[in-house]
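From first to last, the protein sequence lines are chains A and B.
Position 25, counted from 1, in the first sequence is what my numbering calls 25; the numbers after and before it change by one each time, with no gaps.
For my numbering, add 1000 to where a residue sits in the second sequence, where the first one is 1.
Because the hints were derived from the structure by calculation, they are not lab data.
Remember, predicted model here, so these are calculated numbers, not experimental data.
For glycine and all other residues, C-beta sits at the position ideal for the given N, C-alpha and C.
Among the hints, erroneous ones may be present.
So these bits of chain A aren't anywhere near chain B, every CB distance computed over 12 Å [stated by the list, open to error]:
#1 W88
#2 R122
#3 S137
#4 P196
#5 V264
#6 G287
#7 P319
#8 T403
Not the full set, but computed from the structure, chain A residues with beta-carbon under 7 Å of chain B [said to hold, decoys possible]:
#9 F25
#10 G155
#11 D156
#12 C282
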Amino acid sequence: MKLEPIDDALLAGEHGAAAARAMAFLVRYGAACGADRFIDIESAHIDGCLYHGPSSIDFARHFVDLGGKVRVPTTLNVAAVDVTHPGWHCGPPEIIAQQETLTRLHEQLGCLPTLTCAPYQRMARPRRGEHVAWAESNAIVFINSVLGARTDRYGDFTDLCAALTGRVPLAGLHRDEARRPEILLELPSVRAAGLPRDLYFAAIGYVVGRRAPGMVPYLRGLPLDASEDELKALGATGASSGALALFHAEGVTPEAAAMPTEGVKIEVIAPTEPAAAIASLCSAVEGEVVAAVCLGTPHYSIREFAQLNRAVEGRRRSPETEVYVSTSREIAAAVAANPAFDALRAFGVNMIVDTCTYLAPVVRQTSGLILTTSGKYAHYGPGNLGRRVALMTLERCIRSAETGAVATPC
Amino acid sequence: MLTHGHALIEGMASGALLKLTEPLSLWGGVDLETGRIVDATHPQRGAVLANRLLALPGSRGSSSSSSALVELARTRRAPAGVITTRSDPILTIGALVADYLYGAAIPILIVSDEDYGKLECGGTGHLWCETDRAVLTIPGHEPVQFSNPAG
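Input sequences plus hints: build the corresponding full structure.
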């Protein structure tokens, strides 16, 4: 490993004891990655602020005790609980205070308490070509693929060390070579797949994650008008089913045009595969009792709230079925302050912030299905919550919420 | 039986060898309260990692696995050492933080795929991980030959 003067200075404690400790961890981490030098980063997004146990607090407090401060703009990922609605929390009560402690320690280190898995929607949008150190799998795949920024798959501890030093090893998806496609997947169109458009992107993400595990795929045939929300759904689902961290979509994502595809192995996704993926994530039987509809995994955007608002206009949810939408405090405040979103409130939508309903148990009924439009939720929800989860279109979720029972497919 | 490799994390450890036949995500795949494998799809589901020499043919899934390793180390339920086939940054940072916060050294040995295939569950193994000499011995087969470092 060839260290530059700034790296030596960090290691020597010239930028404080916390930065020295963080740099010592990064040197070992970089060696394990096979890196030969370090580079600067422009921002960081921290996943270690999600409470896993006392060691989460011990790690952050250690850097606070050493007087640590982040050296680049740093945002925080989701927490384990929505501390603004403690009454909704159905998990162990002590976790509220533990999470508050962990969040406060990160604030003392200079992190912004954004507490969202999708800061890229409004507040923190890394530019194309910019090196950053982001954790949280959906954010990693979104900023790499859709924004063309460069982050490797960072995780707990490494993310904070990068923020405290402003340096990362030149490894993984920071390198040009590692961003080239390793497999070309020819996708069926929305029409050929025979799926409603709002399930198509989750389905494609699920299939791509499975067909290209740990690889960078080049996608041919994705709709050219794919929106950021649709690409968010594709990436989040692929990151769940197969560690997708970067994809190129022909005519859609910024780096695709410059990517060499000659000689890359081509595989064709059969038109039946996306629908089969959806079927594997939706075991619901018509008429089954619905405990809740959970949306916003990853966190809902303003545009998604507007779609939901139009869809629920003039309708009411059943008193037996709760409806939760996870989002950031910032977007929740914008929705709450805007009378254009009154239909949401009339329908009975609860906005939950800081966390996600697949991490934080909030659904009161202990039996009954949870419905979602999110492939990521449908993948992780059953294991995390011990609940049955079914993936379906927004319209079918809403019709089911109205009656409290699973509606017929749209 | 003597297996040469190289040290990803230095240290020494002894314990009964637990060889996994598929990769495992420590986060979500292991119950942090007991150190037991709970991944419903894993062939070694039900096995306990605590204080074993864990032979892991690659890790899978979440980057929160580093937190899971540290949380296991905090409650003394981490593996005594790890034998794996690829340099793994997530396990590396987990082992470094576990040692730093809780003094729980978890040496990690990298071995070839071929040597991994020859490992057999059951015996108590000794892991000796240094930069210039990194070996796993399982007594009852052949003695350690100190004159012949790893090539």
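Does the structure break any of the earlier hints, and which numbers would those be? 3 and 12
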